[in-house]
Amino acid sequence: MNNDLLILLSKFAVAARKVIGPVNPAKIVNDKAYASAIFERINAEADETLLVLALDLQNRLGMLDTKHNNAQEKYIFGPRG
Numbered sequence: 001m002n003n004d005l006l007i008l009l010s011k012f013a014v015a016a017r018k019v020i021g022p023v024n025p026a027k028i029v030n031d032k033a034y035a036s037a038i039f040e041r042i043n044a045e046a047d048e049t050l051l052v053l054a055l056d057l058q059n060r061l062g063m064l065d066t067k068h069n070n071a072q073e074k075y076i077f078g079p080r081g
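Take the sequence shown: its letter number 34 is residue 34 in the numbering used here, and every next letter is one higher.
Simulated from the structure, these hints should not be mistaken for lab results. Check the hints yourself; a few may be wrong.
Stated by the list, open to error - Simulated crosslink set (DSS-like; lysine-lysine; CA at most 30 Å straight-line):
| hint | residue 1 | residue 2 |
| --- | --- | --- |
| 1 | Lys11 | Lys32 |
| 2 | Lys11 | Lys27 |
| 3 | Lys18 | Lys32 |
Taking the hints into account, I'd like the entire structure generated from these sequences.
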């Protein structure tokens, strides 16, 4: 875990505490079920700033689905070819 992730995690924990109550940062990193439950509560109740922090944290923890759309894989050539 690098320093940037620790800073982001602490900012998220402080901001989330104001909205949904205390959050365990170590448990977010180690327990996927706990993390997904916290992120669901944030998505339902949070403001824009906390949502951006949550999305960035999910991205860095590898929790976001980044699969490509099937349309992008299907149409790899231009209109002529």
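Hint check:
no., hint, result
1, Lys11 with Lys32, "holds (19 Å)"
2, Lys11 with Lys27, "holds (15 Å)"
3, Lys18 with Lys32, "holds (22 Å)"
Violated hints for the displayed structure: none, as all numbered hints are satisfied.
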